[in-house]
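Asker: As given, the protein sequences belong to chains A, B and C, one line each in that order.
Residues 1 to 156 (UniProt numbering) make up the first sequence, in order.
Residues 1 to 139 (UniProt numbering) make up the second sequence, in order.
Residues 1 to 1118 (UniProt numbering) make up the third sequence, in order.
Keep in mind that the hints were calculated from the coordinates and are not lab data.
This one's a predicted model, so the numbers in the text were calculated from it and none came from an experiment.
In this text, a Cβ means the ideal position worked out from N, Cα and C, and glycines have one as well.
Just so you know, not all the hints are guaranteed correct.
[What the hints assert, rightly or not] Computed, partial: chain B to chain C, Cβ under 10 Å:
id	residue
1	ASN12
2	GLU25
3	PRO118
[Said to hold, decoys possible] What follows is a list of derived Cβ distance ranges for each label pair:
id	chain 1	residue 1	chain 2	residue 2	range
4	C	ARG498	B	THR87	30 to 40 Å
5	C	PRO343	B	THR87	18 to 28 Å
6	A	ASP58	C	THR581	36 to 46 Å
7	C	ASP552	B	THR87	37 to 47 Å
8	B	ASP93	A	GLN19	52 to 62 Å
9	A	SER105	C	GLN748	12 to 22 Å
10	C	LYS364	A	ASP58	35 to 45 Å
11	A	SER105	C	LEU705	40 to 50 Å
12	A	GLN19	C	ASP642	27 to 37 Å
13	C	PRO216	B	ASP93	23 to 33 Å
14	A	ASP58	C	LYS560	51 to 61 Å
15	B	ASP93	C	GLU605	48 to 58 Å
[To be verified] Mimicking EDC-like on lysine to aspartate or glutamate, the simulated pairs with C-alpha atoms at most 16 Å apart in a straight line are:
id	chain 1	residue 1	chain 2	residue 2
16	B	LYS31	C	ASP503
17	A	LYS51	B	GLU41
18	B	LYS77	A	GLU52
19	B	LYS77	C	ASP503
20	A	LYS51	B	GLU55
21	C	LYS785	C	ASP816
22	C	LYS639	B	GLU120
23	C	LYS651	A	GLU111
24	B	LYS31	C	GLU475
25	A	LYS51	B	GLU40
26	C	LYS657	A	GLU111
27	B	LYS31	C	ASP816
28	C	LYS651	A	ASP58
29	B	LYS77	A	ASP58
30	A	LYS107	C	ASP659
31	C	LYS461	B	GLU55
32	C	LYS636	B	GLU120
33	C	LYS670	A	GLU111
34	C	LYS461	B	GLU120
35	B	LYS10	C	GLU475
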Amino acid sequence: MEDTLLDLLHSEIINYTLQNGDEKDKKEEDLSGLEYIGFSTGYRIIERLTKEMPRFKDELDTMKFICTDFWLAVYKKQIDNLRTNHQGVYVLQDNAFRFLSRLSSGKQYLEAAPRYVAFTCGVIRGSLANLSIQCLVTAEVQSLPSCKFHIQVQRM
Amino acid sequence: MAVCAAIVGKDNSPKFFCCVNPDEELAFQFKVLSSLDIIEEKLNPTNKSASDNRELYLGQLYSLETCKIYGYVTNTKIKFIIVVDSTNMALRDNEIRSMFRRMHSEYADMVSNPFYIPGEAITSKMFDANIKSIITGTV
Amino acid sequence: MNGTVDEEPNNLAQLGIDRRPIVTCAGELEVFSTVEENLSNALPKDTCEWRRSLGRPIKNVHVGANFVPFNVQSLPKCSQWDLIRQPLFHTYWTECTDVDTYKNTIREDIEAWLKELNSREITDWLIVVVENYDGKRTKQLIPRTTVLDKIRADFAVKQGDRCISVINPGRAESKTAESWRGLVSRVRHLLLVAYARAVTRLEEHVRQQRERRNEPGWNFMKYFMLQEELAQVLEMLGLNDEALVQYDELDALFSQFVANFTTCDNLKWLSQFQRPLDQWHGLRLKPSLVEDTPSLLELRAYIFARQSRMLLLTNKVWEMASRCLPFLHTCVRELAILEITAPPGAVWCWLFLASMEVLQVCDKFNQADQVEEYSLHTAALWEYASQKLRNLGELCGLMPQGAPTSEQLHVVVSLSAGMGDNPGPLNSPSPTDRLKEALCSQDVFIKSYLELAELAMGTFKHVGRLRMARLVGQEVATFYLLLGETQKAAAFLGDAIRTFESDGWHELAAQTQLCLADCHKKAEDSQKYIKACAAVSAAVEIDTLIRWSYFDEMTKHLVKLDKPMELAFNDMLRINSVAITSDLIVMQDCKMEVELAIESNFPKEIVCTYFAVCLEREEKPKSNVRYHSGKLLTKKDLKWQDPLLQRLRIKRTLNYKQDKQLATSGIASKLTQLHRKDSAPARSRTDLSAALEAEKLPLLLTPGLNVLKLSKKATDVGKYCLDAAIIHVDKLQLKSPPILPRLTLEVQEESPSIRLYKRPAPLLSGIEQVMNLILTIGSYLIEPKSIIKLTASTGLTFQIQPEEALTNNLEIEVGDKATFSSTKMPLRVLADLLTRDHQVTIHVPWVPKPIVVPLNFSPPMSTTWRLFTVDYRKFVQVNVVGHCVDNLIVHEPDLNVKSIPVSTKHCDSSLIISNGLSYSFLWELAHTNVAANSAKAEFSVQYKLTENDCYKSYQYYFDVTDFKTLYALDAVVEPAKGNEFCRVGVVCHLHLTISNMVAVHGKENADIRSVMYEVLAEQSVWAVCGRTAGVISFGGILEEENAVQRVVLDVMPLTSGFLPLPLVRISKYIPADTLHSEKTSASDTHPRLEPFTSGQVYNKSKGKQLHVIAAASETNPL
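Only chain A is shown next, with the shape it has when bound in the complex:
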C-alpha cells in the first residue's frame, strides 16, 4: 500500500515542480528544484536510516550501505551493481529502478526518464552530504527501467 503512495506522490511532485516554469525552455528542462527536494529529503532521512548501523569505516563502506540497506529501505530492493575506480567515482546500477518501472520498458519514454530520476539523484546527494561526503550525482538512462547513477565525490 505504501509503495503505491510513494510512487504517486513522486509523480505528483514532478508534475508540480515542473509545471511552474516550463513555458520558457522546452529543450533544457530545469530539474534543479526537483533535485533539491530530493536533496533535502535524503539529508534528513539518512539520520533515521543509519541509526542502527555501525560506524562506517570509510567511503566505500558508506557507498555499500547506500547500495544495500538504504536502497532497500527506500526502493524495496538493492542496487544491482556497484562499480568504482577507487578515486572517488562510483556507478550504481539499478536494473529495475522503481520509479521507472511503471513506464513501459525500452526506449519509448526515454525523453521523459530524466524527470523520474532527478529526485533520486538528490536523495543520494543529500544522504551522502549528511554523511560528510560532498558529491555530484548524475544519472544516465539507456533503456527503461534500468538506470545508472554516477556519483562523483568532491575531495575538498
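Using the hints provided, position chains B and C relative to the given structure of chain A.
Answerer: Below, chains B and C without anything else, positioned relative to chain A:
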C-alpha cells in the same frame, strides 16, 4: 539519572544543551566542550584503536572528580554527550547506551521535521522536554 | 617496548616476603648441603611449563625453592588450603653407591620417610642418589644394578621419575653437566607439579572466601592478605599480569563495597576506614607492606602501588598513568561516601603528591619515541596536580596579592606534618619536599603552580587537545591577573575566546569576554577594554543587567578616548538586508539610494554620529568574488551558505546516436564551483569619499532591527559595488565586513540629444508642414551659447521662428536649459513639389559628426485618371485623393489635352478635399477625327491649406493613348425557338454583333482586320455549348464604317434569376503568316492575340441582364 545532555553538530558547535540544574549549565558547557577533544581523538582515523570500534557508542570519554562524561557519535557526525554525576553508581553502561539510542531517535525525528533546518540550534520545547525525560529516566 | 623495567631485584625479597615453595630434605643432609647452593641458584634460572587448571593456557614460570630439613611435625595435612605455605615437596638425598649398604641402612630410612609421606597422602617426593666419582667410572664393565635401580625397584616401581641420580654435582665439569641439568629440571618439574596443586588449592580457597564476603564477621583485611598472597605467589612465578588481575579484583571488590556502603547493612566493617584522616603520605610507590589497619587512603595507595608495580613489570607504564586520574577521583568519591573527615587541605595534599609521584615515574620513560604516549597520558595529571596545588594555595593564603594569616600558617604546618617525610635522592627533590617547600613560600608556590599549569597546557596542545589546553589557559589567566600580569592573562583569555568562537560556543566565549574585560580594565588599556565591553554588552547569552553595566562602562570610556578606534562589527551589529532603492543604473547627478536593515545587539540605544556604506569602484567583476544580480540582498543571501548544502543546477541531457535516434537520456549538472567559506578578503581601505551616507545625522540605533536609508549624489561615472558599512559612535569606528555577495550600481551619464521628429501624418510636399525638433539635455549642462546648425538639402526650406521666412540654413542657440530637460521646438518645413527625398543635416557642438536626418515628402494629393467610352464619345475622369491631414481647399480644376479640346462635365466650385477622400472631375474629349492615337494631358488644380494662403498649383500629367473606339460589341441572348423565356438548362442563342467603328483606309491599319472573340462566361452561371471563341475577319469591308459582323453562339443558363450576360471579349487577331518582318523565329509562326485597350472597344451589352426562369420539368424545392 544523568544531569546534563548535549547535542553537538558536525562543526563542533552546540545544537542543543540541557541541564537538570540550570545553575550548573555554564560549568557543564566547559566540560562538554573539553570532551570534544577526546571525541575527536577517538574518531581520528589514524588512531588504531578507533578504527576497530564499529560502534556508535563511544563509552566513557573521561572522568572528572564530580562527574562522568559519555559520548556517542552518529554516522552523520552528530555527537551526543551525556554527563552523569559520579555519585550515581546505579547507572550502568546498558542504561547509558539505551539513553543514547533514545536520544538518537528523538534527534532523527527532529531532523525529519521540515521546519527544522539541520545545522541550526534546536529550539523545540517538546524536544527539550523529551530529552530531559530521557536523561532523568522518567520515560 | 616501554622502556626499562625497574632494576631492583625481586622486591618481595626486599620486603622479607618469601613465597617460594618449601622443599624438605631428608636423608644425608651433608650430601645435600654440598648441592644446596648450586641447586638454589639453578632452579629459578630457567622456566618450566606450568599446566594450569580450568583450561587456562600453559605458562612458563620461574620457580625457586626454599630448602628446609625434613620435619614430620611440619608436614601438612592433605586437605589444608594453605598448602602453599607448607612444605610441599620432599627430597631424600643419599650418596650411597653400594647396594649392600643400601639394603642395610638406607632402605629402611627411605621406607620410614616414605611411610610418613604416604600416611599423609603426599605424593610429591624425589629421591636423589648422588654419585661422586673421582676418576674413571668405567671400571665396571658389566653394569650391575645400581643403588638407584634398587631404590626404584623398591619404592617407585610405577613412578620412575621420582628417583634420580646425579653425578658429581659439586663440581662443574662438562662431562657431568648433563646429569646436573637433568637433576635441576627434574626437581623443577616435580616441584612445580606440587606447587601447582598448592596454588590451585589457594585459588579455590580465595574464591570460597570471596563468596562469603556478605556473611557477617567477614574480615576484609584478612581476605585482602589472602588474595595478596596469591598475587605474590603469581608474582614470584613471574606471572605479573595475573598478579595484577588479583589486585584489580581486590580493587573492584573494595570499590563495590564502598559503593554499597550506604545501601547495605552488613558492611559495617567498612567503618574501620571511617576514622578521620591523619596522614596523607601520598602513594609511596616504593615496595611496601600493607598496614594492619590502614586508612582508606593508605589502602588505596597500597593497592595502586602494587598495581603500578605489576604494570611496570609488564611494560605498561602508560596504562599506569591513565589509571591514575580515575583512581584519584575514586578515592575522593569514596572519602565522601564514607564521610571521612580530614583536616582542610589534607586530601588535596594527598592528591597532589599522588599525581606527582606517578608523574615522576612516568618521567623515567619519556624517551624520544615515547613522547606522544607520554604526553597523552600525563597531560591530565599535570593539570590535576596544578589544580590541587592552587586549591592549597588559596587555602593557605599563598595566592598572589595575599599574605598568609597566622591561622593559615598553622594549617601549613599541620599539612606538612601529615605528609610525613619522603626525601628524594640528592639533587632531585621528591614530590613531598616540593610540596612542603611550595606551601612555605609564596614565591615557590607561584612558580610551581605556573610551571605545572603551563606544562599541562603545553602537553595538551602537543597531543592536539586544544580545547582542554584553552580551559587550563583560562585558569592560568585568572592567576596571572592576580599577579598583575595582564598581558599574559589577556593572551590566554584571548586564545580561549577564539577557540570558543571558532567552535561556535558563544555563551562560553561571552563569559570569557567578561573576564577579558576585567583584565583589560585592570591593565588600564582603554581601547581593549572598550572592545571587550562592547563584546560583552552585545552578547545575547549574558544576563541583561550585566550587559547594561558593561555598556555603560563602554560609553564612559569612549568619551575619554583621545583618538578614534576601529572595531569590527563582529556580533555587535549585523546587516540583515541590503536593498538598493534607487535604480541599478543611476544617472549622473541623480541620487543613489540604499536601504540597510541593521540589527543591533547592544542592549541600549547607540547614537551614531556617522553612518555610511562604502562604494568601491569596480569596472570589471572580479573572478573569485560572488556577485548578486538584482537590487535586494535578503538575510538568506547574506548568510554564509554551506557548500555542502548548496542547490545545484540540474539539467536534462539527451544524447543522440548518429542516426538522430535517442540513445540515452539522463541528468547532468554544470559543475559549479563549490565555494569554500569566503576567505576574509584583504582589508579594504576605508575610502569614505565615495560612500553612501545617512541623511539625518546623528542617528539613533535602537536594540533590534533598524532600517536606515543612505544616499549619495552620483557624481562620477562608472561601476561601483557596495563594500563595507561604517558606523561611527563618537570616536568608535565600527566597520562591517564587505557586503557579500556584492551588489553593483552603475552611474551613467546621459549625453544630450537632438532629434527631428515628424508629426504622425506623412510629410507632404508643397505645403508648409511642422516638424518637431526636440533637444534633450542629458546629465550634464550644455553651454547656453552653443549653437546648433541646421542645413537643408535643395528644395527644402525651414524656419524655427514662427514669424520669419523660411530659409535653407538655420542656427539655433541652445539657451539656458536644465539637465534632463527636453525642449520641443516646432520647425516649419516646406518642400517643393518637385523632389521627394530631402535631408536635414544637424551640427551639434557635443558630437563631432553631423547628424543627417533623411526626410521623405509625398505630394499632398494623388491623382488617377480613367477613360470612359460611349460609342464614339470619350470621357476622361480624373480622381484626386487628398493626403493632407488638414483639409485642402482646391479650385479651378483644369484639364488640358493637347490638340483636343475638352469640355467640363462637372460643376466648377471650390472644393475641400479631406484626408483620404477622393474627388472626381469629368471632362469630355471633343469628338474629332484626329488621326493621332495618343495625346498628352495635363491636369492642374489650385490648392491651398488655409484661407489665408495663396493658391499653389498642383499638376498632374498623363498620356491618353489608343483612345479611339474601334469596335462596338453587342450581345443579345434569345431563348430557343418556341420559348418565350430562357429557361434553366435550355439552350439559348447568343447573338453577337461586332461593328467596326472606324473606317480603315488603305493599308494603314491592315493588321486590325481580324478580331477574335471569346466568350468568358462564369462557369457556374453559363455553359457555353459549342464554340466559345472564334475569329472574325472584316476583310475589305473595313473601309466602311459600321461594317458589322454577326455571330451566333449557343449558351445555356445554369441557374434562374436575372443573370448578367456572358462576357465577350475581343482581341486583335494576328494570323501567323501576315508578318512582314524579316526575322522569323519559331514562335512567330503562331497566330497571336493582342488585346485592345479599353478605349478601343465599346461593349454595349455590359451590364445587361437576362431573366431566366426555372426549368419546367424540374421540381424546384424552394
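Asker: If a hint holds in the structure, say so; if it does not, say that too.
Answerer: So, going through the hints one by one against the coordinates:
no., hint, result
1, ASN12, "holds, 5 Å"
2, GLU25, "holds, 8 Å"
3, PRO118, "holds, 8 Å"
4, C/ARG498 - B/THR87: 30 to 40 Å, "holds, 36 Å"
5, C/PRO343 - B/THR87: 18 to 28 Å, "holds, 23 Å"
6, A/ASP58 - C/THR581: 36 to 46 Å, "violated, 53 Å"
7, C/ASP552 - B/THR87: 37 to 47 Å, "holds, 43 Å"
8, B/ASP93 - A/GLN19: 52 to 62 Å, "holds, 55 Å"
9, A/SER105 - C/GLN748: 12 to 22 Å, "violated, 60 Å"
10, C/LYS364 - A/ASP58: 35 to 45 Å, "holds, 39 Å"
11, A/SER105 - C/LEU705: 40 to 50 Å, "violated, 58 Å"
12, A/GLN19 - C/ASP642: 27 to 37 Å, "holds, 30 Å"
13, C/PRO216 - B/ASP93: 23 to 33 Å, "holds, 32 Å"
14, A/ASP58 - C/LYS560: 51 to 61 Å, "holds, 60 Å"
15, B/ASP93 - C/GLU605: 48 to 58 Å, "holds, 55 Å"
16, B/LYS31 - C/ASP503, "holds, 14 Å"
17, A/LYS51 - B/GLU41, "violated, 22 Å"
18, B/LYS77 - A/GLU52, "holds, 14 Å"
19, B/LYS77 - C/ASP503, "holds, 15 Å"
20, A/LYS51 - B/GLU55, "holds, 11 Å"
21, C/LYS785 - C/ASP816, "holds, 8 Å"
22, C/LYS639 - B/GLU120, "holds, 13 Å"
23, C/LYS651 - A/GLU111, "holds, 13 Å"
24, B/LYS31 - C/GLU475, "holds, 14 Å"
25, A/LYS51 - B/GLU40, "violated, 20 Å"
26, C/LYS657 - A/GLU111, "holds, 14 Å"
27, B/LYS31 - C/ASP816, "violated, 78 Å"
28, C/LYS651 - A/ASP58, "violated, 31 Å"
29, B/LYS77 - A/ASP58, "holds, 13 Å"
30, A/LYS107 - C/ASP659, "holds, 15 Å"
31, C/LYS461 - B/GLU55, "violated, 28 Å"
32, C/LYS636 - B/GLU120, "holds, 14 Å"
33, C/LYS670 - A/GLU111, "violated, 20 Å"
34, C/LYS461 - B/GLU120, "violated, 30 Å"
35, B/LYS10 - C/GLU475, "violated, 28 Å"
Hints 6, 9, 11, 17, 25, 27, 28, 31, 33, 34, 35, counting from the list given before, are not met by this structure.
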